[in-house]
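2 protein chains.
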Amino acid sequence: MTVTFPQGFRSAGIAVGLKSTGKPDLALVVNDGPHRAAAVVFTSNRAQANPILWSRKVAADGPARAVILNSGGANCFTGDFGYATARLTAEAVAGELDAAPEDVLVCSTGLIGTGDQAFRDKIVDGVPDLVQQLAEDDTTAPAAILTTDSVEKTATHAGNGWRIGAMAKGAGMLAPGLATMLVVITTDARIDGDAADRALRAAVGGTINRLDSDGCMSTNDQVTLLVSGASGVAADEAEFTAALTAVCDDLAAQLQADAEGASHDIDIEVCGAASEADAVEVGRSVARNNLFKAAIFGNDPNWGRVLAAIGTTEAAFDPYAADVSFNGVRLCHAGGPDRPVDECDLTPRRTHVLIELFAGEHTATIRTNDLTHDYVHENSAYSS
Amino acid sequence: MTVTFPQGFRSAGIAVGLKSTGKPDLALVVNDGPHRAAAVVFTSNRAQANPILWSRKVAADGPARAVILNSGGANCFTGDFGYATARLTAEAVAGELDAAPEDVLVCSTGLIGTGDQAFRDKIVDGVPDLVQQLAEDDTTAPAAILTTDSVEKTATHAGNGWRIGAMAKGAGMLAPGLATMLVVITTDARIDGDAADRALRAAVGGTINRLDSDGCMSTNDQVTLLVSGASGVAADEAEFTAALTAVCDDLAAQLQADAEGASHDIDIEVCGAASEADAVEVGRSVARNNLFKAAIFGNDPNWGRVLAAIGTTEAAFDPYAADVSFNGVRLCHAGGPDRPVDECDLTPRRTHVLIELFAGEHTATIRTNDLTHDYVHENSAYSS
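Sequence lines, in order, name chains A and B.
The first sequence begins at 1 in full-length UniProt numbering and counts up by one.
The second sequence begins at 1 in full-length UniProt numbering and counts up by one.
FYI, nobody ran anything at the bench for these hints, they're computed from the structure.
Beta carbons: idealized from backbone N, C-alpha and C, even for Gly.
Honestly, I wouldn't trust all of these hints.
Claimed, not checked - Here are the simulated distance ranges between beta carbons:
#, chain 1, residue 1, chain 2, residue 2, range
1, A, E136, B, R350, 53 to 63 Å
2, B, D129, A, E276, 51 to 61 Å
3, A, H333, B, T347, 44 to 54 Å
4, A, R201, B, A316, 19 to 29 Å
5, A, E276, B, Q132, 49 to 59 Å
6, A, E276, B, N160, 52 to 62 Å
7, B, A334, A, D194, 32 to 42 Å
8, B, A84, A, A274, 25 to 35 Å
9, B, F81, A, R201, 42 to 52 Å
10, A, K23, B, A334, 31 to 41 Å
11, A, R201, B, A321, 26 to 36 Å
12, B, F81, A, A274, 26 to 36 Å
Kindly generate the complete structure, drawing on both the sequences and the hints.
Put into structure tokens, the structure is as follows:
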């Protein structure tokens with residue numbers, strides 16, 4: 001049980017033929033209430049897939065009854081036809097659940113440009129069977145949203161009389177460029193929509209939004225929180241936010257660890273920044289630097305490339321006052337060489353880079369991966 | 001003849017042992033006047049190498065008598081010792097030329113962190129011989145500034161009674177991460193320092209600054225223009241700026257074409273932008289997108305990745321109104337599929353991507369390269 005770990009939820013996952021492998025490719029999560037609050041965070045990419053365009057309307061409308069998710073096709077850059085597909089998908093689910101289409105969120109992941117009549121028919125025709133399979137003890141939904149993921153990603157949290165459940169797929173640097181990240185989180189805590197929205201934004205901001213595997217922003221990313229309130233227990237907002245943050249952090253680590261093509265999971269910790277925004281900017285500048293990422297692939301703790309990357313930011317600090325450590329060994333002190341590079345071992349997959357700016361008290365950690373031959377191969381070869 | 005194509009200049013290049021290969025690694029360009037105006041553009045990276053820190057003082061001071069350039073070591077992140085090396089290098093040149101050290105620019109390129117006592121001694125001890133070799137018909141300087149470049153980069157222009165000469169090295173995506181770009185341009189036109197500075201900034205802004213091979217900004221980049229005025233002919237500023245722009249564009253194309261590890265030279269032309277800044281931002285977002293760059297390596301004209309990249313910008317346009325063409329074939333019209341992808345042939349090295357935004361009249365072209373196995377290899381393996 002994942003998204004059905006809290007009370008008031010059913011889920012299911014089935015195969016409708018969107019994936020050529022015949023693996024499960026259509027999932028549904030239904031909120032049976034009594035509450036129907038929802039909070040959703042979307043990609044900030046202005047090129048947005050049709051399911052995102054549809055789901056934005058649903059989210060703006062307030063409550064949500066269900067979220068349907070397909071893998072095997074992103075329904076992005078598919079024009080008016082693709083938007084109608086998203087709407088028809090919601091209508092099919094709503095018809096089966098006796099709900100309003102405007103209360104059904106839709107998520108898609110897979111190859112950009114996929115979304116023809118056959119794609120539509122398989123989804124819409126599959127909905128009755130999908131609804132038939134809904135269960136409170138379901139274990140099939142997480143697999144049905146995967147694309148090139150090698151493992152299912154799930155997380156649960158037992159709070160003070162209430163629970164949180166979650167499933168996720170994707171993350172950047174996934175081959176073959178299907179960088180979409182989809183997350184569905186459920187809770188049976190009693191918490192109102194505004195509080196749920198605040199909690200979700202806070203939780204995602206410090207965790208999933210700091211996962212920057214390859215700097216490429218998807219057209220389909222969506223993180224959905226559904227609130228049933230079925231536990232009957234009102235959650236303290238701060239406590240709930242902390243729990244939700246822990247769940248999102250857990251998912252972010254799983255997404256990072258499953259980034260295909262990667263050989264290192266790199267946590268870039270920035271401390272001593274003048275502001276949190278500065279810490280994030282500094283961390284991202286390193287996470288997006290191809291020279292740094294290629295060096296880590298070669299087990300080279302190249303602190304010069306870290307300084308060259310952070311020197312391109314607007315953040316308030318002196319590059320010649322900064323310290324840089326790799327896996328606990330301080331290789332750079334005050335912008336110059338410190339410990340010998342050969343004291344540092346980068347062969348473990350998990351890599352920790354600590355950047356100390358000495359410009360304030362703020363910190364942030366950005367998760368990323370290295371730049372490898374497999375990344376190039378998987379992102380260049382897939383459509384041929 | 002390159003930098004000595006205009007009158008009033010001498011140059012030389014020799015080997016002093018900075019390169020383990022024994023190839024030439026120290027070059028000098030001297031302005032014999034009668035004028036000594038100079039204009040210099042530096043890297044905007046805040047992490048700046050010691051020769052940059054020294055040369056900034058020289059440039060702020062106005063005229064320049066000479067520029068000395070070494071390959072085989074970047075003298076970056078080498079602390080106070082490295083700064084003293086840059087100063088001592090300038091003093092050595094000044095002593096031989098009977099000039100002021102504050103009129104001698106210094107450039108270095110090579111591995112970050114290189115700049116010890118042996119490095120200093122080889123340069124300073126080599127200066128007398130270097131000065132001895134100075135000649136008006138020199139052909140040795142361009143080779144002495146190369147690192148992993150496969151060919152010398154030079155350009156000349158014959159104006160209306162005056163001339164421009166230039167040599168360059170480097171560009172991003174050079175293995176092994178020696179992404180430094182050094183350019184020395186000479187002219188015998190009579191043009192004052194302020195006009196030279198305006199002309200250089202205009203010329204570089206539209207050409208070299210739009211070469212964005214791998215998004216990584218060097219700590220050592222420097223473009224130097226030396227003005228001798230020896231032709232005695234006053235240049236019209238607009239005419240001179242146009243000529244200088246053509247020279248810089250020629251160099252930028254040579255730098256792009258010699259980017260090691262690359263298999264495609266990609267010109268990303270953005271038109272119909274609301275402003276030139278928007279056009280540049282849109283072009284850069286594509287040039288820095290690893291998914292796009294890996295796709296081009298695989299000869300895949302992936303227009304969806306172009307739209308996903310430009311959707312991350314703040315530029316004023318509608319992604320669903322944009323057209324995208326690869327090598328003259330419009331594959332995307334109004335944010336959806338247009339011509340079949342197999343009509344487009346990406347096997348030639350030269351690749352043209354046209355992005356039409358339909359939001360205004362402004363244009364810009366960004367030059368970049370693809371993301372290849374060789375790029376990863378060369379930037380991960382070098383220091384081991």
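Tested hints:
1. A/E136 with B/R350: 53 to 63 Å: Given about 60 Å between the Cβ atoms, the range holds.
2. B/D129 with A/E276: 51 to 61 Å: This hint holds: roughly 55 Å between Cβ atoms.
3. A/H333 with B/T347: 44 to 54 Å: Hint holds: Cβ distance 49 Å, inside 44 to 54 Å.
4. A/R201 with B/A316: 19 to 29 Å: holds, 27 Å
5. A/E276 with B/Q132: 49 to 59 Å: For A/E276 and B/Q132 the Cβ distance comes to about 58 Å; the hint holds.
6. A/E276 with B/N160: 52 to 62 Å: holds, 57 Å
7. B/A334 with A/D194: 32 to 42 Å: This hint holds: roughly 38 Å between Cβ atoms.
8. B/A84 with A/A274: 25 to 35 Å: holds, 31 Å
9. B/F81 with A/R201: 42 to 52 Å: At roughly 49 Å between Cβ atoms, A/R201 and B/F81 fall inside 42 to 52 Å, so the hint holds.
10. A/K23 with B/A334: 31 to 41 Å: holds, 34 Å
11. A/R201 with B/A321: 26 to 36 Å: holds, 30 Å
12. B/F81 with A/A274: 26 to 36 Å: holds, 29 Å
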